[in-house]
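> Each chain is listed here by its residues.
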Amino acid sequence: QQQVKQSPQSLIVQKGGISIINCAYENTAFDYFPWYQQFPGKGPALLIAIRPDVSEKKEGRFTISFNKSAKQFSLHIMDSQPGDSATYFCAARVTGGGNKLTFGTGTQLKVEL
Amino acid sequence: EAQVTQNPRYLITVTGKKLTVTCSQNMNHEYMSWYRQDPGLGLRQIYYSMNVEVTDKGDVPEGYKVSRKEKRNFPLILESPSPNQTSLYFCASSLDRGRQPQHFGDGTRLSIL
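These protein sequences, in sequence, are chains A and B. Here this note's numbering = 1-based position in the first sequence + 197. Here this note's numbering = 1-based position in the second sequence + 182.
With the rest of the complex left out, here is chain A:
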């Protein structure tokens, strides 16, 4: 079963617009929530991450919003640029044990001129 559900599967945004990708999780033991960005032919690269003790984290044009009670978190890309066109994965991890990352299914973002 998919422990981290991600939506939408694909997204088209105009240049300068806001891209929003949502994720929901079931396991309340998750304590670290990263977002990864993947370009074609490359491996995923860490973009931004948040821990559940804060509700928002911002790094440049990228913001994670976190709602612990709803078990949801989202990535907002402000002023989206064509160079942001990539596949985005949310993930979650339980610290300890295998420190395994559980990934969402990915969102293919295209930013059009």
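Simulated from the structure, these hints should not be mistaken for lab results. Beta carbons are placed, not taken as given, at the ideal position from N, Cα and C, and that holds for glycine. Just to be clear, a hint being listed does not mean it is correct.
[What the hints assert, rightly or not] Output of the computed footprint for chain B on chain A, the stretches with three or more beta carbons under 8 Å from beta carbons of chain B:
no., segment
1, 235-245
2, 301-310
[Claimed, not checked] Capping the alpha-carbon separation at 30 Å, the derived lysine-lysine pairs in DSS-like fashion look like this:
no., chain 1, residue 1, chain 2, residue 2
3, A, Lys239, A, Lys254
4, B, Lys239, A, Lys239
5, A, Lys297, A, Lys212
6, A, Lys297, B, Lys253
7, A, Lys239, B, Lys199
Once you have looked at the hints, place chain B on chain A.
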């Protein structure tokens, strides 16, 4: 340059012919992991290793083997590949038993005919 290197990047082979995908990292990381990426499923962990001679199963270990004889190398072995192992494979590494962000290689695309 800090990196995770996978070889080969592409491989087409036939059912039952043993193959090995190599993974090497130059960052002295303790933790290494293998994932497979399939459309609509995101990335799923196959095996991970906390340190030399310490390996454990991830979510989808069936049909795969790994070894960790040296800190820098973590090969993925398919003893008798089958078509359902056709996928995009990623190796990742991180410091601190996986608690730090994972660095991914650029992937190996395997096609099993």
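> Does each hint hold? Answer for all of them.
Verification of the supplied hints:
no., hint, in the structure
1, 235-245, "holds (count 6)"
2, 301-310, "holds (count 3)"
3, A:Lys239 to A:Lys254, "26 Å, holds"
4, B:Lys239 to A:Lys239, "25 Å, holds"
5, A:Lys297 to A:Lys212, "35 Å, violated"
6, A:Lys297 to B:Lys253, "19 Å, holds"
7, A:Lys239 to B:Lys199, "27 Å, holds"
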